[in-house]
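**Q** Position one of the sequence shown corresponds to residue 1306 (this note's numbering), numbered consecutively onward.
Hint data in this document are derived by calculation from the structure and do not stem from the laboratory. We treat Cβ as the ideally placed atom computed from N, Cα and C, and that holds for glycine. The reader is advised that the hints may include incorrect statements.
[To be verified] Result set (SDA-like, lysine to any residue): computed pairs, CA atoms no more than 20 angstroms apart in a straight line:
| # | residue 1 | residue 2 |
| --- | --- | --- |
| 1 | 1358 | 1342 |
| 2 | 1370 | 1357 |
| 3 | 1358 | 1369 |
| 4 | 1370 | 1360 |
| 5 | 1342 | 1331 |
| 6 | 1342 | 1357 |
| 7 | 1358 | 1348 |
| 8 | 1311 | 1332 |
| 9 | 1342 | 1353 |
| 10 | 1370 | 1359 |
| 11 | 1311 | 1321 |
| 12 | 1358 | 1368 |
| 13 | 1342 | 1360 |
| 14 | 1358 | 1374 |
| 15 | 1358 | 1370 |
| 16 | 1342 | 1352 |
| 17 | 1342 | 1332 |
[Stated by the list, open to error] FRET-style restraints, in silico, Cβ to Cβ:
| # | residue 1 | residue 2 | range |
| --- | --- | --- | --- |
| 18 | 1357 | 1322 | 57 to 63 angstroms |
| 19 | 1380 | 1343 | 17 to 23 angstroms |
| 20 | 1355 | 1379 | 22 to 28 angstroms |
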Amino acid sequence: MQPIVKAIPVTQRIVPVLLTVGSATVVGGYVRSQLNKQSRTFDRTFSQYNTAKSEQVRAQTFDGKVPDPRTSVFNILGW
1306 MQPIVKAIPV TQRIVPVLLT VGSATVVGGY VRSQLNKQSR TFDRTFSQYN
1356 TAKSEQVRAQ TFDGKVPDPR TSVFNILGW
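Start from the sequences, fold in the hints, and give me the full structure.
**A** This is the structure in structure tokens:
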């Protein structure tokens, strides 16, 4: 009598693993490149924003003359 369960060829076991690892690597690389790009954009934007007027507004905020935006109802990230 022959066994009912047949041996699965090695390629049928390895190919799905390789596809999964390859896909995860590509997606991870893309996300990393986008995060680096966004970080450079923010750095460039903030470096241009440092003016005398922006420093004055920042000082007023820290002195308590302007309400803290982190306590706003619209700040859902601070909940």
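**Q** Next step is simple, just say for each hint if it's right about the structure.
**A** Hints, verified against the model:
1. 1358 to 1342: With Cα atoms ~28 angstroms apart, residue 1358 and residue 1342 exceed 20 angstroms; violated.
2. 1370 to 1357: Status holds; Cα separation ~18 angstroms.
3. 1358 to 1369: Since the Cα atoms of residue 1358 and residue 1369 sit roughly 17 angstroms apart, the hinted pair holds (cutoff 20 angstroms).
4. 1370 to 1360: Holds: residue 1370 and residue 1360 sit about 14 angstroms apart, inside 20 angstroms.
5. 1342 to 1331: This hinted pair holds, its Cα atoms lying about 17 angstroms apart.
6. 1342 to 1357: 28 angstroms, violated
7. 1358 to 1348: Distance ~19 angstroms between residue 1358 and residue 1348 Cα, so the pair holds.
8. 1311 to 1332: Judged against 20 angstroms, a Cα distance of about 35 angstroms means the pair is violated.
9. 1342 to 1353: With a Cα-Cα distance of about 17 angstroms, the restraint between residue 1342 and residue 1353 holds, given a limit of 20 angstroms.
10. 1370 to 1359: The hint holds at about 15 angstroms.
11. 1311 to 1321: 19 angstroms, holds
12. 1358 to 1368: 15 angstroms, holds
13. 1342 to 1360: 26 angstroms, violated
14. 1358 to 1374: 19 angstroms, holds
15. 1358 to 1370: Holds - the C-alpha atoms of residue 1370 and residue 1358 are around 15 angstroms apart, at most 20 angstroms.
16. 1342 to 1352: Status holds; Cα separation ~16 angstroms.
17. 1342 to 1332: 15 angstroms, holds
18. 1357 to 1322: 57 to 63 angstroms: 59 angstroms, holds
19. 1380 to 1343: 17 to 23 angstroms: 21 angstroms, holds
20. 1355 to 1379: 22 to 28 angstroms: Since the Cβ atoms of residue 1355 and residue 1379 sit about 26 angstroms apart, the hinted range of 22 to 28 angstroms holds.
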